[in-house]
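> Model the placement of chains P, R and V on the given structure of chain E, informed by the hints.
Residue numbers (this note's numbering), protein chains in the order written: chain E, 211 to 678; chain P, 130 to 434; chain R, 2 to 214; chain V, 3 to 661.
Honestly, the hints are just simulated from the structure, not real lab data.
All of these numbers come straight from a predicted model, not from anything done at the bench.
Worth double-checking, as some hints may not be accurate.
With a Cα cut of at most 25 Å, we get these calculated BS3-like pairs of lysine-lysine [claimed, not checked]:
{"id": "1", "chain 1": "P", "residue 1": "Lys162", "chain 2": "P", "residue 2": "Lys175"}
{"id": "2", "chain 1": "R", "residue 1": "Lys142", "chain 2": "R", "residue 2": "Lys206"}
{"id": "3", "chain 1": "E", "residue 1": "Lys383", "chain 2": "R", "residue 2": "Lys47"}
{"id": "4", "chain 1": "E", "residue 1": "Lys298", "chain 2": "R", "residue 2": "Lys206"}
{"id": "5", "chain 1": "E", "residue 1": "Lys298", "chain 2": "E", "residue 2": "Lys639"}
{"id": "6", "chain 1": "V", "residue 1": "Lys460", "chain 2": "V", "residue 2": "Lys374"}
{"id": "7", "chain 1": "V", "residue 1": "Lys460", "chain 2": "V", "residue 2": "Lys367"}
{"id": "8", "chain 1": "R", "residue 1": "Lys194", "chain 2": "R", "residue 2": "Lys142"}
{"id": "9", "chain 1": "R", "residue 1": "Lys206", "chain 2": "E", "residue 2": "Lys554"}
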Amino acid sequence: MILPILLIFPLLAAVPLFSLRSRRAERSVLIVHALLTAGAVIYWGVAGPEEFIGYFRADSGNLLFLALIAALYLAVIPASFLYLERQKASELWHRIYVVAMLLFVFSMTGAVLAKNLGLFWVFIEATTLASAPFIYFERHQSSLEATWKYVFICSVGIAIAFIGILFLALSAKGESDLFYTDLIANAPRLGRFWLLFSFPFLVVGLGTKAGVAPMHSWLPDAHSEAPSPVSAFLSGMLLNTAFYGLYRIFQVMDAAGLRREAALFFLVCGFASLLISAVYISGATNYKRLLAYSSIENMGIIFIGVALGGGALFAAFLHLVAHAFAKSSLFITAGNIAHRFGTKDIAGVRGLREADRPTGALWGVGFAAIAGLPPFPIFISEFLIAREMVTQGRFGLLAAFLILVTLVLYGMARAAFGMYLGSAPAGAKAEPPRPIEWLPQAVLLAILCLVGVAMPEVIRRLVEMASL
Amino acid sequence: MTARALNVLFLLIIPFLMAGVINRVKALAGGRKGPPLLQPFFDTLKLLRKGAVVSRVTSWVFAVAPALVLAATATALLLAPGVGRVQTIAFDGDIVLCLYLLGLAKFFQLISALDTGSAFEGMGASREALFSVIVEPSLFLFAGTLALVSGTTSFGGLFTLVGSGAWPAVAATTGTLLFFMLMLTEGCRIPVDDPNTHLELTMIHEVMILDNSGPDLAFLQYAAALKMYLFALLIAALVLPVDIAPFQAAVVLPLVALLCALLAGIVESLVARFRISHVPQFLFLTVALALIALAAAVYFRGGAV
Amino acid sequence: MSQILTILFGVGILYLALTSRMRTYIQVIALQGFILFLLIARDFGKLDWFTFFFLSFETLAFKTIIVPAVLWRIVERTHVARETDPHIPQFGSVVIGTAVFLAGFAVTDWVSRIDPSVDALPFGIAVSTLIIAFFIILSRKKLITQVMGYMLMQNAVSLLMIAMAVELPLLVNLGVLLDIFTLLFLFLLFLGKLHSTYEETSREKLTSLRDQP
Amino acid sequence: MTLFLAGIATILTAAVAQALFPRRTRVAFFAFVTVAGLLLAGGGALMTLLNGTESVLFAFPFPFERVTLELDALSAFFALVIAFGGLAGTIYGAGYLGGYPDRPLRGHLFAFALFLISMLLVVTSREVLPFLFAWELMSLFSLVLVFFDRGNDEVRDATVNYFVAMHVAFALILTGFLLFMARSGSGEFSSFAAAMSDPAFAEAALLILFAGFAIKAGFIPFHSWLPKAHPAAPSHVSGLMSGVMIKTGIYGILRFTLIVGVPTTRLALIVLAVAVLSAVVGVLYALAQHDLKRLLAYHSVENIGIIGIGIGLAMLGLRIGNGPLILLGMAGALLHVLNHALFKGLLFYGAGAVYRAAHTRDIEKLGGLIAKMPATAALFILGSVAISGLPPLNGFISEFVLYLAMLAGAPLAAGAFGAVVVLTAGALALTGILALYCFTKACGIVFLGTPRSDAADKAHDPGGAMIAGMTLLALAIVAVGIVPAPFFAAAAKVAATYPFPGDPAAQAAPVIGTLGTVSRVLVLFLSLFALLYYVRSRLIVRNGGTASDATWGCGYRHATARMQYTASSYVSPLMALAGRLLGLRTHLERPEGLFPARTEFRSHPHDLVDAYLIAPGAKLIRYLFSLFRWVQSGDMAQYILYGVLFLAAALIWIMGGTR
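If we strip away everything but chain E, and leave its shape as in the complex, we get:
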C-alpha cells in the first residue's frame, strides 16, 4: 500500500508549495518525504515485496537501491538546509530547490521501482530534467555552461539509449515485453543479433547517466557546479540508478548467452573510466571536480566487477554501496570546506584540520574510505575484485587495475593531504563548526566502517539480493 503513496506523494506535495509560499512548509515536505521513503524501505524489508498497477514493484532486487536513496536523502536534507541558509536563497529559488529535490528523488525512486525497461528509461530522462535546476542553482556563467552540457549530453545519451531499447524491443518482438522479468525469462528465445546490436547503444546511453567513459564528460562540470548536497546525491545515487537499469540489461545478455560480449563492453568502459580518472585526478585543481573524477573511477570499478562476475559481482555491489556513502559524505564535507574557505580550488585550502577539526577529520576519514583503506568496505570489494581477476587468470587486467588505482590514489592523496595539512589562513578559522555540519557525514562513515569490519547480515543480504 505504501508504494503508490511513495510515488504520488512528491507530485502532490509539490503543488501546494507554490501557493503556500512558506519555507517551513517546504522544508517539512522534504523531511516528510525522506521519512516516508525510509519508512517504505523498512516496511518492504519487513513485509516483503509489493506491486503497483503491474508496472512498479519493490522487492529484494531493488531494495538495496531504495535503501540507498532513503539513507542518502536523509543525509542530504540537513546539508541542503544548511546550504540554502548559507546561500541566502530567495523565496523562489528556495522553492525551486525543494520542488526539484522532490521530483529528483521521485524520478530516481520511480526508475528503481519500475519493472519495465521503457518506464525505467522515462524516469531516467526525468532525473535529468529534475536535476538540471540544481546545476544552474548558483547562476554563474560556469553553472550555466555546466547545465547546458549536462542537459545536452545526457539528452543525447538518453536518445542513444532509446535506440538501444528500440533494438532490444525488436529482438524481443513477439516473444516478450520490456519487463525485466519477462526479458530474463525469455532471454534464450530473444533475437541474438538485435540483442547484441542494442547493447552498445544501451551501454553508451545509460552509461552517460551512470558516469562511465566514454560519455562521462558532463560529470565533473555538473558536480562541481551543483550545490554540494546535490553533488552528493548525483554522485551517490543518480549514477547508481542508471547503473541499476544497465545491470538488468546485462543480466538479460547473460541469460541470452551473450555474457562474453556484454562483459567485454563493461570492461572496456570500466578501464577507460579508470584511465580517464587517473589522468585527470592527478592534475585536478578543483576539489569538487576531483571528487567527480573519483566517482568516474569508482563507477569504472563497479563495471569491471560486474564484467568479471563470480565473486566480483558481489564486490561490485558492495563497492557501489560503499562509494555511494563515502562519496556523498565527501561531497557534503566539500560543501562545508567551500563555505569555510570561500574557494573550490585545492590550492586555496590549507590546514583543514586546524581550521575546523570535525570537517578535517571527515575529510581525512572520507578519503581513507574512498581510497580503499580498512576498515572501510572498498578495501573488501577491491580485494574481491582483484581475487576474481586472479582466479580467472587475467593477470594483465590485475596489473592494469592495480596500477591505475594506485595512480588515482596518488592524485587523490596529493590533493587531500595538501588540503588537510599545513596552516590555515586566519579567515578560515572564524566560525566554529556546528554539529549539523558534520553529523550526517559522520553517521554515513560510521555505518560504512561497521560494514567494513563486521558486515551486518541485513546489509549483506541486501547487497547479495541486489546482485541476483
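Same frame as chain E, but now just chains P, R and V:
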C-alpha cells in the same frame, strides 16, 4: 699454559721493542745513531709519572677514551694467535670479536678527538676513519677466505695453512703482504702516515692525540704499538711452519715481529709519505690481495675440504 | 506511398547537409515531422485508437508545429540567420552527406541480410539521418544548430520506431513525448539565457570548464 | 594466548577511554594503561615462546568469517619486539607529548594505540584477508601518526610519498597472496605450501611478495619513502616506525619463506644481493646526511640490509642444505631485528630530545650538547656504539652470529656459493665500519666539541619520562650485549622451525657456549677498562692532578666554534671517493682575491633511487598522462564524439563478429 703466559709477557715487551727498532733503523738510515731500542718504553714510564692538561672543551668521553682504547686493544691481543698459534683465549669466531674490539677502540679514539672541538683533530679523525673503511673489508674478506678453506672459525685454526696445491703458498704470500700493509696503515707509519712530521695538517694518528697528555698519552701510544704487534703476530702465524715446536715458536715469534719492524723501518727510510688523496688507492690494494686469495681458495678448494 | 514519403524524408536531410541557413533547418525539421505524421496515419489500422491518437498528436502538434515555431522564434530573436562558419566547408558537406547515405545503406544492407524482416528503406534513411544528426551536432558551432541536430536525431529515432516497432506499447511513445518535453523546457529556456549571458552562442565560448592532467 | 589477547584488549581500552579523560591527565592515563597492555601482550608472547604454539579462532561476520590468531615461535618473537619497542615508545612518547600542551591529542593517542594493536595483529594473523586488513590499518595509523606535527610542505610530501609507497607495497603483497590463493584455493597461509608443487610459480609469487614486503621494510631500491617519512614524523613515532614497524616487512618475508619452504637459488641470491646493496648503500647515504633524523632513517635501511643478509644467507642455506647458514643466519637476522628495535628506538628518541631542546635537526648547527644534556648524550653514545655493531653491546652480538654463520657456513657451501658467502662477510664488514664512521660523526658533531648555534647552547636534558623510555632501551641494549646467550637461544628456537638438516638444538648448543665465552671476554674487557681507568685517574691525581686549558690550536689561541670540523668536512674524504655513487651534488664558490669577502660550499646528497628510478618514473607517467590532455577539452561536441566513436567501434566489432 706456558704459551699463554709467554703471550702475555710478549705483549708487555715486544710492542715497545718494535717501535724502538723502527726508530733505530730510520736513524741509522739517516746517518744518525738513534735512541736506545727501549726508548719508547722509557717514554711511556715517564708519561705515567706526569699529570695531565685537559682542554676545557672536553667531556668525560675524552677522559675515558684512553683507558677504553687500551683495554679494548689489549683484550683483542689476548685473542690473537701468539706463540705457536696458541691464543690466550680462544673460541669460535674469536677473530670477529678481536677485530670488533679494535673497532670499539677506534670509535672512542675518533670521538675523543672530536671531543676537543679542534679542527686539526677532527681532520685526523676523518682520515683515520676513511682508511679504516677500506682496511676493514679486506681483513674480513681474508678471514672468510681462510675459513672457507680451513673449515674453522677460530684464529688458531684459520691461520694454520693446510691444503692442496699452491694454496698455502698463495695464502701466506697474499696474507703477509696484506697484513704488512695493514700494519703500516694501522700503525700510522709511512707511507700512510708520518708520526714524526712537524706539521699538524699532514698528521693522522698523531694529530688525534694532540690534546692527550700524561698517563692518557701513555695508554694511547701503548695501544698503537700493540696494534702493530697484532699484525706482526698475524704475519707470524701465517708464515711459520704448521708443525713448529712450542720452544722454537717462542724464540722465532719475537724475531718475526722485530723483522716486521725492521722492514717497516726500511720502508719508512726509503719511501716518502703519500699524498693523502693517494692513500685510498694504496689501501685498495689490500682489498685486491684479499680477493686474489679468495679466488685462489675457490680454485684450490677441491681437495682441501 | 510510404516509400515515397520515406525518400522525401531522406532528401530533406540531404538538403540539410548542404545548407547553413537556420530557417531551412527548421523547415526541414517541420517537414520531417509532417512526414512522420503521414506515416503514422498510414498505419491507422494497426494501432489501437489511443496510441494512434497519441502518436499523431505528438508528430503533428509537437514535431510539425510547436517545436519548429519555437525554434523559429529563437532564430528571429537572436538574429542568427545562418551558421556562419561551419567546421567543414560547404562542398565538403555535400561529399559527407553522400558518404553518410552510402554508409547508412551499407549498414542497412548488412542488417537486412541477418534479419530479412527489416524494411530496408526506412531503416537506411533513419540510420543516415541519425549519422547526419550526429554530424551536425559535432561539426556545427552554433548552439542552436546543435539543438536542431538533436531534433533531427529525435526525428530519426521516430522514423526508426514507426518503421520497425510501431506496435510496441504506449510507454515507448511516452518516452518520445518526454524528449520533446525536455527540449521545450530546457534547451529553449537555456538558449535564451545562454544568449543573454554569452554574446554569441557559439559552443567554443562554452569551454571554461575543462581540466588538465 | 589469553594473556596476549588481554593485552590487546587493554590497549584498545586505553585507545577509547583516554578520550573521556581531561586533557591534563589524558596522556598519563593512556601511557599507563597502554604500558600495562603491552606488558600483558609481551608476557603472553614470551610464554608462547617458551611453551610452544598457541592459536585461537574467532568467528566473524562476513567478509572475514574466520579469523585465526596464532602465536608460534616466529610470531611470538616479533610480538615481543613490538611489545618491548612499544613499551619504551609509549613511555618516551608520554614525555615527548608534553611539548604539545595546546593539542587535545585524542586522535593522536587513538591512532598510536591502534597502530600498536595492528602491528600485533599483523604478526599473529593467519589468513589473507585479516592479515591484509591489519596490514593496511598499520599503514593507515602510522600515516596518521606521521603527520602529527603542524604540516609544512615537507610533511605533506613525505605523507603522500609514504601513502603511495604503502599502497604499492599493498598491491604487490595482495598480488602475491592472490597468486597463492588461486593455487591453494584457500586464504589460509598454511595452505600456501601446497602451491610449492610448482617451483617456478612459487618463486614468482614469493618474489612479488618479497618486493611488497621490501617496500615496507625499506630495502634499497624500495626505500624511497623511508628517509622522508621518518624525519617528518614526531620522534616517538619515528622511533617506533623505524625500530618496530618496518620489521613487519621482515616478518612477512620470514613468514612466507617459512611457509613455502625451500626457496630457489635465484630467489635466495636476489634477496642476498638486495640486502647487501641496502646495507652498504644505506649507510653510505646516511653518511652524506646532515639531518640527524634522515641520517638515522638511512641507518634503518642499512640495518634492514643487515637483517636481510641474515635472511638471504638462511635462504641460501635452505637451498643448499647448509645447517650453520640456516640456523645462524636466521638467528642472526632475528637477533638483529630485536637489537635494531632497541638501539634505533634509543637513537631516534635521543634525536627527538635534541630536536626538542635545540629546535633543529641540522647536525651542522649543533655541537657540545654533552655539557648541556649529559643524560641524552650518554644514552645516544651508547646507542651509537650499539648500532655500529661494537662490543660489548647488543649490535655486536647479532653481527657476531652473522659472521659465525658465514665463517662456519662457507666451508660447507659448494663451489661459488662459498665465495658468495665470503664476499658477503666482506660487505658486512664494510657496512660495520661505515656505520662506525657515521656514528662517530653523529656523536662527535652533535654532542661533542663546542655549540655551533645559540639554540644548541641553550639546550637542556628532557624530563623524566623521555629519559626513562630511553634508559629502558639502554638497559636492554646492555643486557643483550653482555648476556647474549638466552636471547640467542630464543632466536635459535625460532630459526629451528625452518626445514633443517640435522638436529637444530645440537647445532645451537655450541654457539650458546661460544656466546658464554664471549660474554666472559667482554666482562674481562670491562674489568680491564675499569682497572685501567682507575689506575689512570689515581696516577693523574698522584702526579699533581689535571690542569685545564684551551684545546691545542697549533699555536692559535682564539679558536671559535665555527672553526671546528663540520660534519660535511668530516665525511668529505669518503664523499670524494663515493660521492658520484651517492649522487652528491656540490656547490662551491671559490675564494677570490686577496681578501675574499664571501665563499660558500654546499653539498646536497641525492638519493640515486629517487633521481634515477622514481623521478623518471614519475616523469614517464606525467608524459603518458599528457597524451590524454585533449580528453576534457571543455568542448561539448568533442565529448559527444567519444560516445559516437565508441558506438561506431562497437558496431564494427559486432559486424565483424556476425559476418
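> Hints first: check each against the structure and report whether it holds.
Going down the list of hints, with the structure as the test:
1. Restraint check for lysine 162 of chain P and lysine 175 of chain P: satisfied, since their Cα atoms lie roughly 22 Å apart, inside the 25 Å limit.
2. A threshold of 25 Å between alpha carbons decides the hint, and for lysine 142 of chain R with lysine 206 of chain R the separation of about 10 Å falls inside it, so the pair holds.
3. As the CA atoms of lysine 383 of chain E and lysine 47 of chain R are separated by approximately 15 Å, the hinted pair is consistent with the 25 Å bound.
4. With a C-alpha separation of about 30 Å, the suggested pair lysine 298 of chain E and lysine 206 of chain R falls outside the 25 Å cut-off, and the hint is violated.
5. Restraint check for lysine 298 of chain E and lysine 639 of chain E: the C-alpha separation of about 21 Å stays at or below 25 Å, so the hint holds.
6. Taken as a hint, the lysine 460 of chain V and lysine 374 of chain V pair is honoured in the structure, with Cα atoms around 7 Å apart against an allowance of 25 Å.
7. A threshold of 25 Å between alpha carbons decides the hint, and for lysine 460 of chain V with lysine 367 of chain V the separation of about 12 Å falls inside it, so the pair holds.
8. Taking the CA atoms of lysine 194 of chain R and lysine 142 of chain R, the gap is about 18 Å. The hint holds against a cut of 25 Å.
9. Between lysine 206 of chain R and lysine 554 of chain E the CA atoms are separated by roughly 22 Å; this keeps the pair inside 25 Å, and the hint holds.
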